[in-house]
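This is what each chain is made of:
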Amino acid sequence: MIIRVLLLAGLAAIGYLVFLRRNRLPFHIVTVFGMLGAGGLAVIFPDATNDIAHYVGVSRGADLITYLLEVTVMLVLVHYYTKFVELQRQLTVVTRELAILKAELGRTAPRDPS
Amino acid sequence: MISERQDTYVVIAAYNEARVIRGVVSEVVAAGWPVVVVDDGSRDDTAAAASMPGATVLRHVINLGQGAALQTGIDYAISRGARYVVTFDADGQHSVEDIPELVAALATHDIALGSRFLGKDAVGVTRRRRALLRTATSISNRMSGMKLTDAHCGLRAFRATAAPMLEITQDRMAHASELLRKVQTSGLRVKEIPVTVKYTSHSTQKGQSGFQAIRILFDYFFRPS
Numbered sequence: 001m002i003i004r005v006l007l008l009a010g011l012a013a014i015g016y017l018v019f020l021r022r023n024r025l026p027f028h029i030v031t032v033f034g035m036l037g038a039g040g041l042a043v044i045f046p047d048a049t050n051d052i053a054h055y056v057g058v059s060r061g062a063d064l065i066t067y068l069l070e071v072t073v074m075l076v077l078v079h080y081y082t083k084f085v086e087l088q089r090q091l092t093v094v095t096r097e098l099a100i101l102k103a104e105l106g107r108t109a110p111r112d113p114s
Numbered sequence: 115m116i117s118e119r120q121d122t123y124v125v126i127a128a129y130n131e132a133r134v135i136r137g138v139v140s141e142v143v144a145a146g147w148p149v150v151v152v153d154d155g156s157r158d159d160t161a162a163a164a165s166m167p168g169a170t171v172l173r174h175v176i177n178l179g180q181g182a183a184l185q186t187g188i189d190y191a192i193s194r195g196a197r198y199v200v201t202f203d204a205d206g207q208h209s210v211e212d213i214p215e216l217v218a219a220l221a222t223h224d225i226a227l228g229s230r231f232l233g234k235d236a237v238g239v240t241r242r243r244r245a246l247l248r249t250a251t252s253i254s255n256r257m258s259g260m261k262l263t264d265a266h267c268g269l270r271a272f273r274a275t276a277a278p279m280l281e282i283t284q285d286r287m288a289h290a291s292e293l294l295r296k297v298q299t300s301g302l303r304v305k306e307i308p309v310t311v312k313y314t315s316h317s318t319q320k321g322q323s324g325f326q327a328i329r330i331l332f333d334y335f336f337r338p339s
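Protein chains in written order, with the numbering used here: chain A, 1 to 114; chain B, 115 to 339.
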């Protein structure tokens, strides 16, 4: 019983943090709240995960959740790796432009008469 | 020849090369080639050591990698009116005497690639490194579809008009394979020129290890250009 309260409190805290940062796209918000809701239902009705597992051909609810977690973690990794590569590309453009700009400024700046 | 030298910019990407860069840049400047040094966020005094009349020093505020540094230098050289661009290593491996032959090849070709294995030899190269280079060339030839004797020699020359087709987007060392793929797919006329590469304890220390080769392959395949 205590673990259920802790898990639900954790999910609620994550939901609150997402709510505070709700400047993302509606799609992201709906996805996160959908996952939090599903997690909450799995905590409140643990037997339901067994029923769903049997329905899709998995022996136990815990196994089904593990498989879903594996896929989710991989998706999150790919998503953030793609973001990381894109950010790195933007950083490269900015750094290179800055180097050229500073060289141009140094070339065209008037010489100090002293 | 004088005009040709004024129109040809030698681009040197340097990272933590304060110990040797002054000698390298001095030699190239003394031979009459305008030099663009790109200090790729070095933690030492590379930029200060490379500064001298005849050389322009650009500085990346952070370290990006050799590919990005070369592209910065190439862009700058072309913005200054370069007709030909030569890429030259900062660690003292390359010989300034090889530049005229590379540039001369651009009369009939779009890009000239230096090769350590076409007569002039790699000086001081260990057997292990030679095997590594041969393997890298073989893999690179398979990936690019070209038949080169030396796929990763940093001494190259190309026409400024070919630069847009050769734009480097691989920031780190995978740019060498990227460049060859772009040469192949763009249909540019390419020629290999024998060059001398001198291996010193400094350049060997700075060179690519077998482990780094794995990272280069990772970058090539998983950081699409």
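Simulated from the structure, these hints should not be mistaken for lab results. Don't take each hint at face value.
So these bits of chain B aren't anywhere near chain A, every CB distance computed over 10 Å [to be verified]: (1) Arg173; (2) Ala245; (3) Thr275.
Have a look at the derived ranges for each label pair, beta carbon to beta carbon [claimed, not checked]: (4) Gly259/B / Val71/A: 44 to 50 Å; (5) Met35/A / Asp159/B: 33 to 39 Å; (6) Gly106/A / Gly137/B: 21 to 27 Å; (7) Lys261/B / His79/A: 21 to 27 Å; (8) Ile176/B / Gly34/A: 48 to 54 Å; (9) Gly259/B / Leu101/A: 48 to 54 Å.
Yeah, the Cβ is synthetic: ideal placement off N, Cα and C, and Gly gets one too.
Enumerated hints in conflict with the structure, sorted upward: 1, 4, 5, 7, 8 and 9
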